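Whole structure, please, built from the sequences with the hints as guidance.
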Amino acid sequence: MRRLLLHEGRVHARPSRVLRDLGDAILLTDPDEPEPFWNRLEGLRWPRDPEAFDRRLTQALVQFATLARQPHIWASPIHDAPSDLVARLAANGFRDMGSGNVMVLTDPGPGNAALAAQLDRGVTIERLARVDGRAAERAAGELVAVLLDAFEADPRRAPALEQDTVVSLGHPWFTHYLVRVDGVPASVARRATFEGASYLSSIGTAGWARGRGLGGLITRYASADAVRAGSDWTYLGVFADNRVAIHTYERSGFKRVGRPAPDLLLM
Numbered sequence: 019m020r021r022l023l024l025h026e027g028r029v030h031a032r033p034s035r036v037l038r039d040l041g042d043a044i045l046l047t048d049p050d051e052p053e054p055f056w057n058r059l060e061g062l063r064w065p066r067d068p069e070a071f072d073r074r075l076t077q078a079l080v081q082f083a084t085l086a087r088q089p090h091i092w093a094s095p096i097h098d099a100p101s102d103l104v105a106r107l108a109a110n111g112f113r114d115m116g117s118g119n120v121m122v123l124t125d126p127g128p129g130n131a132a133l134a135a136q137l138d139r140g141v142t143i144e145r146l147a148r149v150d151g152r153a154a155e156r157a158a159g160e161l162v163a164v165l166l167d168a169f170e171a172d173p174r175r176a177p178a179l180e181q182d183t184v185v186s187l188g189h190p191w192f193t194h195y196l197v198r199v200d201g202v203p204a205s206v207a208r209r210a211t212f213e214g215a216s217y218l219s220s221i222g223t224a225g226w227a228r229g230r231g232l233g234g235l236i237t238r239y240a241s242a243d244a245v246r247a248g249s250d251w252t253y254l255g256v257f258a259d260n261r262v263a264i265h266t267y268e269r270s271g272f273k274r275v276g277r278p279a280p281d282l283l284l285m
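Converting from the sequence shown to the working numbering requires adding 18 to each position, the first position being numbered 1.
Simulated from the structure, these hints should not be mistaken for laboratory data. As the structure is a computational prediction, the values presented were derived from the model and not from experiment. Cβ coordinates follow ideal geometry from the N, Cα and C atoms, glycine included. Just so you know, not all the hints are guaranteed correct.
Taking CB as the label site, the calculated pair distances span [as the list claims (entries may be wrong)]:
1) Thr-84 with Arg-148: 37 to 45 Å
2) Ala-109 with Val-202: 48 to 56 Å
3) Asp-150 with Gly-229: 30 to 38 Å
4) Val-36 with Trp-251: 21 to 29 Å
5) Arg-148 with Ala-109: 46 to 54 Å
6) Ala-147 with Met-285: 35 to 43 Å
7) Arg-63 with Trp-251: 15 to 23 Å
8) Gly-127 with Arg-21: 20 to 28 Å
Right, here's the structure in full:
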């Protein structure tokens, strides 16, 4: 799990965020964006002794204060230490903002079958990698438009998301996937593959295109490519209450790891 957390952290650190392995925790920070998602501690291995734990927590709170960021911890029950970490953080004012699951690919069969199957009429899939210049800008615009629709996100986020997407389109780690239906962008995903692991993210389908199995299709393509690229681990994250997505990923060969992980903010 620590390997996957570090791997995911390195993905999220692109292009300008800072990832630090503190030994007993992993810290991701964004010097420009205060959004908690980009400013968090995870992979905690803190002391069990109450006094030593309180000292370490105080150090972490001071570090967040120095960075002018809201204290934010991704807990991972059964992987973090001490074993009652979540309860201790709750006693110190942290609140769960919504739990998530890590899911790993255990069956490559659905992905291989998807690559071998014929696509439905009007459906095409593009793999976008090592794209730069005007082509990257155009692609980023289409990818982000689908994501904003899929997650009903604030359109004002588009410029920042497009900037990050342009960077990843030109980076050797990343491959973006774009499904079109009759030429119209309908579903997207992103794969980051390096050091023997692949992280799938930004998986979403525009509202008008739902119910056609495109989310599962694009997930299977990305996971099959990850295996063919030599990944020992292919994984993704999903909110614990998103039953539709979890079912889609399970049918695509993924299984949940451990228990739901609380997303803890100091309120």
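Taking the hints in turn, this is what the structure says about them:
1. Thr-84 with Arg-148: 37 to 45 Å: 38 Å Cβ-Cβ, so the 37 to 45 Å window holds.
2. Ala-109 with Val-202: 48 to 56 Å: holds (51 Å)
3. Asp-150 with Gly-229: 30 to 38 Å: holds (35 Å)
4. Val-36 with Trp-251: 21 to 29 Å: holds (24 Å)
5. Arg-148 with Ala-109: 46 to 54 Å: holds (49 Å)
6. Ala-147 with Met-285: 35 to 43 Å: Hint holds: Cβ distance 41 Å, inside 35 to 43 Å.
7. Arg-63 with Trp-251: 15 to 23 Å: holds (20 Å)
8. Gly-127 with Arg-21: 20 to 28 Å: Roughly 25 Å apart at Cβ, these two residues keep to the hinted range, so it holds.
This entry satisfies every hint, going by the numbered hints stated previously.
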